[in-house]
Each structure stands twice: as structure tokens, then as C-alpha cells.
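A.B. asks: Below, each chain spelled out in residue letters.
There are 2 protein chains.
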Amino acid sequence: MRTKYWLSLFLLFILASNVIYSQRIKYVNPFIGTGSMGHVFPGAVSPHGLVALSPDTDTIPHNVNGVYQKRAYEYCAGYQYKDSTIVGFSHTHMSGTGHSDLGDILVMPTNGPLKLNPGTANNVNSGYRSLFSHSKEIASPGYYSVFLDKYKITAELTTSPRVGIHRYTFPKDRPDNRIIIDLIHGIYNYDGKVLWSSVRVENERLLTGYRITSGWARENYQYFAIEFSKPIVKYGYKDKEKKKYTGFWRKFNQFENFPEMAGQGICAYFEFGNIDSLTLKVALSAVSTRGALENLRHETNGKDFDQIRKESEDEWEKRLGRIDVKGDSLQKVMFYTSLYHTMINPSKYQDVNGEYRGLDGNIYKATNFTNYTIFSLWDTYRALHPLFNIINREVNRDAVLSMIEHSKQSVHKILPIWSHMANENWCMIGYHGVSVLSDAIAAGIDLDKEQALKSMVSSSNFVLYDNIGDYKKLGYVPFDKNKSGASITLEYSYDDWAIYQTALRANNIPLATEYKSRAKNYSILYHPITGFCTPKFADGSWKKDFSPLNTHNEGFIEGNSWNYSFYVPHDVDGLISKIGGDTKFIQRLDSLFTMHLPDEFFEHTEDVTKEGIMGNYVHGNEPSHHIPYLYSWTTQPWKSQFWIREIMNKKYLPTVEGLCGNDDCGQMSAWYIFSAMGFYPVSPGSGELILGAPYLPELIINLENGAKFTIKAMGVSDKNRYVKSVKFNGIQYNKAYIRYEDILKGGVLEFEMVDKPNKKRLFRNDERPYSLSSSKD
Amino acid sequence: MRTKYWLSLFLLFILASNVIYSQRIKYVNPFIGTGSMGHVFPGAVSPHGLVALSPDTDTIPHNVNGVYQKRAYEYCAGYQYKDSTIVGFSHTHMSGTGHSDLGDILVMPTNGPLKLNPGTANNVNSGYRSLFSHSKEIASPGYYSVFLDKYKITAELTTSPRVGIHRYTFPKDRPDNRIIIDLIHGIYNYDGKVLWSSVRVENERLLTGYRITSGWARENYQYFAIEFSKPIVKYGYKDKEKKKYTGFWRKFNQFENFPEMAGQGICAYFEFGNIDSLTLKVALSAVSTRGALENLRHETNGKDFDQIRKESEDEWEKRLGRIDVKGDSLQKVMFYTSLYHTMINPSKYQDVNGEYRGLDGNIYKATNFTNYTIFSLWDTYRALHPLFNIINREVNRDAVLSMIEHSKQSVHKILPIWSHMANENWCMIGYHGVSVLSDAIAAGIDLDKEQALKSMVSSSNFVLYDNIGDYKKLGYVPFDKNKSGASITLEYSYDDWAIYQTALRANNIPLATEYKSRAKNYSILYHPITGFCTPKFADGSWKKDFSPLNTHNEGFIEGNSWNYSFYVPHDVDGLISKIGGDTKFIQRLDSLFTMHLPDEFFEHTEDVTKEGIMGNYVHGNEPSHHIPYLYSWTTQPWKSQFWIREIMNKKYLPTVEGLCGNDDCGQMSAWYIFSAMGFYPVSPGSGELILGAPYLPELIINLENGAKFTIKAMGVSDKNRYVKSVKFNGIQYNKAYIRYEDILKGGVLEFEMVDKPNKKRLFRNDERPYSLSSSKD
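Those sequence lines, one after another, are chains G and R.
Each residue of the first sequence is one higher than the last, beginning at 2 in the working numbering.
Each residue of the second sequence is one higher than the last, beginning at 2 in the working numbering.
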């Protein structure tokens, strides 16, 4: 661990020297998290852009003849920092996910002998891939560059939201420079993933085409238009998976200079001869090649690489400028890199003309919103969407409207669970779309509450999904029906509370009553003796031989009961009483952070790793993210202040391997941003952000409405991590939380920081955060 | 042969009794041509409708592990009359083609044990197929019915243009009636044809879905919406080709009552319990499920089976009413069945809202025309499109505009060769799209001549296609470059002349000059000694050991030099001189019809069969269709009159096996209609129809413009088959041809028929039909 840590820090210094400095974006280091478990990618992307153009360093198939390949998990982002070869540059990547997919439309510049297969990392010359070195690799928001050793080609990448721009600088006087376009390549690949692909050479500088894949996204349509800055001299392709028959085979030599290519295994080459450099503009669309062409023209017409790069950097600068901070360089690197990671997903999923592919496969036209995709909701409902409610409200409004449209297009009429590229992939548990809607409404985002409620209610009543029928009948999901039943019950319980909150806000009292009752279901599973959430069978009996430490097969998904038992964000007071009162609850929390969780208890669980653990507390995965803030409901709130800074210091390092778990589309990073601000949305939908302690001496939120919200923490340091007192707009502030509405108005929140806990700073009843059991709703 | 003939006639009498009689449609017997080589289907279709809903009697794969299965050719229409089992009813069929495809969305009603595979004809109980008997089978325009012996279910089918309507009457008190929907089934099937398919159970009465296949059509998108008249009780499916992974597998039992199905091998069932009858409405769209739903609603909302059947029959009655004839019953059966067969393809290929899938895969909206598909142009340019120019001008205008749009969408910018379902399948030779455009312009159809010329010129200069480059350089396609080079040269030569004609009509003199010169290229290949068109090598030398009788590997595709040497429709005078003058030319023609072509010379050629041969003249395939009319350029025009009636009597029988070759989307039938009228478009583009002799005593063309053109043939009979004299509107008519414009104005063309040739009735120079060599252009 230690060695790795210092090695990573050492690498950072190399990296830092490669970062292009310019105002705020200079602090973003896209390499942070590209090693180990972070699963982020270093390539170029515009804020929430469809195109995420990034190097893929390996292509581990998801399965071989149906057998799952463990290493596929490592390559969710297509890139692992430890690798020494680059296969090429593909145009779609998810940021930090724990499941892989995409990697569409791989482009690789080559010269020398023509190779139309990627080859292997161990034998680079067996294919078109190249060795590279991190010393000749640069990454910054909107820009990526690398030198391809094998070909002596410098590759530079930038993007507009829907177009990837490549600039390749070739070695002098080579007669055989070319571009490979591999339509077989993909992240989460396997034999048969490509259902069909097609390329048309429209003219000597323009290609159009598409591929349809069935990967994690059951049906993924990627249309493209590719413009070259110089004319193609000759071209051709091979078809690895040649279909048994098409009429074409008889009449033409399709494999050379024939402007139509189609099949399931196409790898094409385009020769450009002796040229100094070449710029490619690769536009994507989920709708059509016409849509891709329109995207290409609208976003890049008449602009060269440098102009588009400048526009992308300016846009990043503007977005990152939503927050200004004071702090040392490394703090700023960690902060702005985290902020950067919160602005990649979800991604714009519509053409410039508003057309997008809906969940039902039909093409829709978005008239009053921008359609988004890539919703890792089990992760992002916790802090990412709440963060959007403060600094990225327009995106969140559009995201929520996209989710509501999704529910209308769904045959089940439900909100997304985990959706990407017009597909529901059903990953993880709960129906947390309801939380995102509920919190957006709580944060004052202008939505049709009745329509929102309609989507929320049907999501919570889709009985074919994860034993919702049993849950409605019994109040819990029995272990004998579902091995993740206990965790599902806790999460449904919270989600139901989120619906209850919206029903209240919509003045729908019958619905509020119904969901208030469902929100209490969590309590059924707390064992009266142990105080641990414990699986029950359908007959009402408890699971025997129950291990609250084991993360595997004990009723919880990607977590153990020790952690998951704290998952009652909407009724912490109720939970405290279930666990046995304030003292016992505090003891339980203290133990969580300090006890040891032996390897054997999590080694079966991909998402729970050593790097992410502190004691038995798992920060590398989502279910525990709210736990450090739970002290705020107790008589020892200062312990939150201690542990939060501890986690920030130890689990977020400005190094390649600095993320202690999957960034999960920005949830891990959003936790960091909130915690740096000094508060966190423990129970989204309440409208309350629970106070911890600010990390930096000053942080200014430049709100979209023009107001500023300033957070000051005089004297803050690792030593002075405790809050002595708080002032809001100059007046003593005694509450344990602050509300969205307070922040959105703008103001100054001032923390006086000291090196010892202020044990007298306790919250009286009306200052404590919301809890269902103690609320007066 | 004889036995078969009488057997077929016997079958007809059975059939005739099943035909539903009502005005003109009573004479149409859709079973004619469903045996042997006709390749027409007996099911229900609206005039030029997208949906052709017909029973499939077998499912011969096109290939098994890449090895071509000869019997696939038999099943181009999915139906062979000799078969005794029905697999089910699928929604797309081509009429009379020599290549198979489609058979999309198979529906089969069953009861008893659930079987989700078709089974085999030899073991009916191994799958869901059923025995049936022709005695309980009825077919008429817009209606088909059959009793399924195995299930005691009566199936009835009818259609609107875009919707297939099924009515199933079930046996009494069976608790287990169901509908099978097999998305694997197809005509021209093979392992891997289905790229993807999907079904959504929208509610208890509505399905939507699609399948994408790669068959003869490289990419065929068929979206559908299916409405049941009664609620589904339960449902499910199996997936024969289960993909290795989708997220779904983990969370749901997708195979029972789960409203989303997707995969490459879906066969689904829908249980309805004990019901008397069930009506299904199956709407298709090439655009989207939304489009299919709109088609469903627009065409069938609120209408029951009988209403839709009535509408379809009324529409057929109206269309068939474009021609009224006098004659005996069997003559009327042959005539109206032929007329019916000319009104099936091409097919409407756009949604009711005007949206259609273009050749480039993009969705277009047709604003000023209806988009059509299924263009078997090598066949249909000869007589079908010319016939449209007289009785179906609106369809032909739309067909031509569809072809021009195709050329704009084509990456090659060329007109269709043989296109279907937004695909170019490149079947056969020539660029005969130019002929269709040229003839439509000659017939006064209002088109943008400049745009037409643009598409025609680029079609004739697409050098990647069938040695157009060599042809332009050498004037012919060398045998060493292309084994069909001689036939290609002849057809290019004619096509170039068709472009020349349009250039003249557009007053584009440079273009006219260029193509006039290209139109003479045919002459290069006529051997000065033999007078046969003979392949040449690129070096200018003749092919040695040349057999003008062999249909295989002698430079001609689907024909021999004996027949193909007559293929200079645009310059018969030039051809006569190549062959050695009038006398020799007549001798050659006489020999063609009377000599014997031994089997060995055509047994390699699927499309040239014994049934279609008369002497060495091949009527069963297209290249010779104009030959019987060539006597009109000679001093013995009465011989045309003899042979035409001979062909009509012997090669068109009102029996199941009555078509002597593939109907080829109506070309074979259009020949019959023209020849019955007494004239034929030997050289489409000239505007001239060459006189033969009418077959029936009276025929009235009810033109779309309201005028009537009457053809009278007093005393005509097999004996009185010769023309003594002709009057046009009461005035002696001495020309060997009549022009479109004369017909379109309306009038009366009166033939005096006698039992001996009028050998004095010769055509003087200005009365002879057009020939390039003797024209004054």
C-alpha cells in the first residue's frame, strides 16, 4: 500500500508537468483515478458531452464462449494507467462506472505494414496497437495528447459535445500514413456484440456509417460522420465475421476502394500517403447518419483543431468556475479534478436539432429540454444530482425531464434504474429515480409535480422488478426470494419516503399517507437483539447463522449489514432507537470507522476493495457515503467533522490511483465536493444538507442565478478540523443543516475552525436535521 | 408434361369453385402460377401494398453452413401448391421473383401442446405447422382462407396497404387457443439472418416490435404493431439464439409474461384460452413502431375484418376495372389474373404520414409522391413499366420518383438495379432504371427531365459496376473480364439509347450525341460470319469454340446467343443488316421458334426451364420477350401474329402451374396483357408500341384521365389470328406501331381478323417502327 502510494505520488509529479495550465482547468488532472479502481478515462470530453474521446489501452472481452472474464471489470473506461500500449482512440466512454460498455468507433493512425487487428499487449507488432510512454502523454479538460512510439505519430484529441476531433502529426517523408477505423473494437466486447455495422465513403474526405451493438446496452445505435482534412488516396477493409451471403459478394471486390462496407466484423483502413498531419472530425448521433452530419456541421464547420480545443477549454473553465476555492495547489488539484469528474455524466443524448432515440427505439424531438443519458442512479442520486441542484441546475432539470420521458417511453412506465444509450440495463437495486425527482422538487427545480408523481408511483409499483410485489405485501423483500432482499428493503423504504415528500409538496394527501407508511418498512428488518438489519424469510423468520460482516450472500448487495444497517437516511432518529439509543448508536458508528474488516468478508465483492476501506467503513462503494454525517443526529456531532476530513485526506489522493473506488459517474467526486463545502445531502428529498466541516479556507459558489454563496472556514487545517461556531450572513447559525433555498439565495456561511471539538455545540430539537419519526409532517 | 397439364387443369376446376365471385375480381385466380416456376403467392394483398399476407408452406434455408440449398429457389414466394403443410402466415412476399427473401413476422394460430418451432413437412407434429387441404382453401384478390386440419382452425386473411388482418375461427370449447409469432421464420432464411428482433407487450391487446434481418436485402428493417381483438391471457417466448449476456437475464424471468422480449431467435406465444374467434391486425413500417402504430390506426381503426376485406376487394375491382374485356370465362380468368399480377409490385414503402427509409438508411418524408420499393428492373422495364404508362400512370410516376430519390440517396448516385426494402441487391445486369425513366418521359409522364438525366447519366458511368469502365473504353465488356460480357454489352447499348432518347427530349444535344454513339456499341460483338452476338476478349479477339446454343458460360447470363442475339430492340434495322438482311433475319427468327434446344444447353440455368421454351425461344425468362414482335420490321409481319397467339395459348394456362417461368414482379403477366391488347413495347423509350394482333374480341382501356381506348378484333379466334386490316378511329391505319400519345387521347383501334395472313399488308418506310440506324434523329 505505502509503496504504491508513493509511487503514485511520484507519477503525479511527472503528470503535473504535462498539464496545460490556464486558470481553473490547470488544476484538473484527468489522470487521477485512471489507475486501479477509479475507472475514469483520461481522454477529451466536453462538459456532459456525448463524445468522450479517449485512448483504449486494452480490449478485454467481457466473456469468452460465455465465461465471464474478470479483467473486463478493470477496463470499464478502456484505460488502465499501468498499461504500456494503446489500441486506439474510441469515442464513447462512461466515467468511473463499475460495469463496462461502449468504446465505439475506434480510430488509430498507423504507417508501415498494414495490420487490421489490434494485436496483443505482449506482442505489439502482431497488430496495429502501439507502445506509448506516460512521459509523452498529456491530459487536461478538453485535450489529450500522446506520442505513439511505434509509428512516431503524435496524436492530439479534443471534442465538441457531439464531435471528436483528432489531429495526427506524422513523421517526415513516410509514404504510407493511414487511419484505421475498427468497428469491431469495443469496451465490454465479446463475439457477437456487433449486430451490424456499415461505412459509406461519401467522397474523398467524408465517411458516414453506423454500428448497432448488443452489449450492456441491449441495443446501442451509434451513427457517425467522419470528415478528413485531406483526401483519402485509397482504402479498404476486412470483414472478420463475413456473413454467409449478400448479393454484393458476386459483383464487386468490396474490400478495396468500394464505397460501401457492411458486416459484423469490419476493420477499415484509409491511406493518405506522405502527409505531415491530418485532422479528423468524428461526429456521433444515436438517430441517423443525417443527424451525425448535422452535428458535425453545426458544431465544427470551418473550425480547426485549435479553435475547437479553445472552445472546449473555455466551456470547461466556465463550468469549473461555478466554484472558486482557496487552498494549496494539491488541494486545488483534488478539488477541481473532482469537480471535473462531476460534469462528465450524464451525457447529452440528442442531436443538435433536438432529435434523440427514446427507450422504445422511436425517434423523438426534444422541444423544451435537452435529453441526457448514462444514469448510474444507484450511485448518483446520493450526492451527484443534489450537487447539480446547487451548481448545475439546468443540467439537472434536463436530466429529470429526460428521466420522465424515459418513464413514458418505458413499456413498464417506470423511471430509469440504470440507463444508458436508450436502454435500461437494470443494474443494482432500488428505484432511485424517484429520489432524483423528489430532491429536484425539494430544491425548487420547476417541474410538473403531478407528472413526476405519476412516474414515481408507477416505478414503485412495478411488481416484476426485484420483488416489489412481496415488498408491498410483506413490507420487506424476503431473503428466500431475493439474496439482496435486506438491502433492497432499506432502499425501497428510503425511495418510498422520497415519494412521500413529493406527495406532500404536491398536496396529494392520500398518496402521502400511503408512502409515509411504506417509508417505515425498513424497521421490520432490524433485529431486536443485535440491532443489525437482518434478512427475513417470507415466513417471517430471521436468517440463521447471520454474519453482519460478510459482504456476500447475507442479504445485502455490495455491502455488509454493518454498513448497510446505517442506511435509513430518511429516519435516522428511528434508526437510533432501533439500535438502542444515542450512546449505542455512537458506539456503533465509532466501531465502524475503527474496527478491522478482514479480507475474507469482502473478497467476493468486486466493488468493495481494500483501498476503499477505513476500518469496516467502506468509502469505495456507495451505500455508506452518508454514514460519516450521521453523528449530526447524535450528541457528538464533532465526530463527523473528524472522520470527514480523515476520509478526504486518505481516500482522495491527487494521484493516478488516488480514487479509492469507482468514481461512478461522479458520485465519489460529488461526495468530495460536498464535503469540501462543509455539508452533505444525507437524505435527498428533504431539502436539507447536513453540516460537516469545510475543508478549505474559502469556497465561493457562483450560482447560475447570478448569486454567490460563500463558505469561509478561517484557520481550517488538518489540525483545525473542528467547528467551534457557525455564522450565516453574520448571524449565529445553530442548525445542523442548511437548506437548498438558503444556499440558492446566496450568502455567507462562516465556520470558525479550531483544533478541539466544541463539545458544547449540540443541536436542540428544532435545530436537528429531519427524521421521519420525529417530524411533524 | 401432358399429364401435368391435365392435372393442373383438373386442379383449376376445384379452385374455380372456391373463388369468391363479384364482378371483375371473380376472374382472378391467385393460385395460377403458385405451382412449379411461377413463384407467385396466393395470399391477400392490396394493390401495390406493402403487406402481402400469405401462407408459407415451407422454410427452405438459403444455405446451410454456407452451402447453397437449391430448393430455396422453389420457395421464393414461400408457397408451393404441391405442399400439404402450412407453417404459418407471414406478412411480406415478393410476387414471382427468381430470388427469395422476406417472409417477415410469421403468425400461426394453434392449440394443444405448445410448440415453438415450425417442425418439418414430414413430421408435422414435430412443430407448430399444420396439414391443410386445397379443398378447404380459398383465394381471391384481397382475401385468402384455409382450414388448418391439425388445429381445426379456419384462418382468413385480408389486408389494407400496410396492415395484414387475420381472422381465426377456433374449434368449440378448446381452452388452449393461442397465437404463435415467430420472428426467426423467413423466406431465404439461414442461420444468422436475424440481426436483432424485439417485441413489447404494450397492453393486453397490443404488441409492438421489429426485426432487422440481413438476407437478400442486406439490411431489412421491419417494425410492426399488432392489435388483438381479445385480451391476451398469458404469454412468453423462447430465444433460440440466446445472446451471451444481457443485464436482463439476472433480474427477470423474461420468458414468461415479461413485456419485453429481445434477441436473435425469438418465437413467442400468446394464449387466449377458450375463445370462438380472434382478429389480429398486423401493421408494418420500415421506419419505426410509432409509424406502424400510425399505419394501424389510420388504415384499420374501428373497422372489422369484413369491412377491410370489402375495401380491399373494392380497390381491386376499381384497379382491375382499368381494362374491360370480352371473351370466354377462361380467357377472362387468364386476363384478369395476369392484370392482378401486374398490380402487386412495386410496393408502397412509406408510412401513412409519408415517412420512409431511404437507401442510405436515413428516414425521409415523401411530400409530393408515394415511395415504392421492390424493383425487379431487369425484368420489369420491358413491359410492366410501359403498361403502367397506360393503365397505372400514377403508380409509375411515383415509382420513377422513388427511383430518382434512390439515386440521390445512393453513395454511387445511381438508379436502382434491383432494389427492395431500401437496399440495392445488384441482381442481374444493365442499368435499366434509365429505360423506365426514358419510357415514362416518352409516355408524357411529368418529370424533371434534367434531374432524370442526371440520375441516368451517373448510372451509366458507375465504373465499379459490371465493367462499365471497360465498356466505355472498348465499346464492349470483354469476356475475359466478365463471363456475362456479351449480354451486358447488348443491354448497356440499349440503355444508352434510352438515355439518348431522353437527352433528345431534354434538348441536350451534346449528351444526345454521346449516348447515340454508345447506343451503337452492340454492333461490335456481331460476328461477321455467323451473325451471332459473340463474346470478345479485351484484346479484340473472338471467343473460340463458341456455342450459340449453350446458356452457360458463353458470355450471356440466363440465356444463349441464339436468343440474346435478337436483343437490339432499339436498332432492329441495324441488327437485320448485321444478321445479313431481311431474308436471313426472317429465317433466323423462324428457326428460333421451331428448332429444338436440347436440355444440356440450359440445365445449368435456374431461370431457363423446359416449361418456358418453344423451340429454342425462351419465354420463361425475360431477354427474349420482345422477339416475337421483331417480324414487324421485316417483310413478314404476320408471323408475329402467329407466334404471339401461339405463346399466349401454350405458355399462359389458367392452371396452378400455368406460368411457364417466374412472373418476375408482373413482367411475364404484363407481356400477356400487352399481347392481348395487340401491341407491345419492344423498345421502351421510343414511345412506340409495336402491333401484333389482339387476343380478344373487345378490350376497353379505361384511362386514368377519363378517356377510353377501345381495341376491337372482330371475329378473332385461334383460327382467325391474322390481321387483315386496321382502322384507328374509323380511318385505315397502316403503321406497324401505335404511340402512347395516341392511346392516351382515347379512341378506337379496330382489327379485322382473318384465318390467313394478309401478305400484302406490308409497312412502308414511314410506317415501320423506329430503328436507330434508320432514324432521322
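No wet-lab data here; the hints were simulated from the structure.
You may find that some hints are simply not true.
Same chains, same label: a pair holds when it works inside one copy or across any pair of copies.
[Unchecked claim] Result set (BS3-like, lysine-lysine): computed pairs, CA atoms no more than 27 Å apart in a straight line: (1) Lys151 <-> Lys235; (2) Lys409 <-> Lys651; (3) Lys409 <-> Lys252; (4) Lys366 <-> Lys521; (5) Lys414 <-> Lys252; (6) Lys640 <-> Lys83; (7) Lys545 <-> Lys482; (8) Lys241 <-> Lys713; (9) Lys366 <-> Lys409; (10) Lys651 <-> Lys757; (11) Lys151 <-> Lys27; (12) Lys231 <-> Lys409; (13) Lys414 <-> Lys482; (14) Lys545 <-> Lys252.
Note that the coordinates shown come from a computational prediction; the quantities given were computed from them, not determined experimentally.
A.B. asks: Does each hint hold? Answer for all of them.
C.D. replies: Verification of the hints:
1. Lys151 <-> Lys235: Classified as within: same-chain Cα gap 22 Å, cross-chain 60 Å, threshold 27 Å.
2. Lys409 <-> Lys651: Answer is neither: 43 Å inside a copy and 62 Å across each miss the 27 Å cutoff.
3. Lys409 <-> Lys252: between (47 Å within a copy, 22 Å between copies)
4. Lys366 <-> Lys521: This pair counts as neither: shortest intra-copy Cα distance 41 Å, inter-copy 54 Å.
5. Lys414 <-> Lys252: between (48 Å within a copy, 17 Å between copies)
6. Lys640 <-> Lys83: neither (37 Å within a copy, 87 Å between copies)
7. Lys545 <-> Lys482: within (16 Å within a copy, 81 Å between copies)
8. Lys241 <-> Lys713: The answer is neither: 61 Å in one copy and 64 Å across copies each exceed 27 Å.
9. Lys366 <-> Lys409: both (14 Å within a copy, 26 Å between copies)
10. Lys651 <-> Lys757: Classified as within: same-chain Cα gap 20 Å, cross-chain 111 Å, threshold 27 Å.
11. Lys151 <-> Lys27: For Lys151 and Lys27, neither the intra-copy (30 Å) nor the inter-copy (76 Å) Cα distance is at most 27 Å.
12. Lys231 <-> Lys409: Result: close only across copies, 25 Å inter versus 45 Å intra.
13. Lys414 <-> Lys482: Result: close within a single copy only, 24 Å intra versus 60 Å inter.
14. Lys545 <-> Lys252: Answer is between; shortest inter-copy Cα gap is 25 Å, intra-copy 70 Å.
Hints 2, 4, 6, 8 and 11, counting from the list given before, are not met by this structure.
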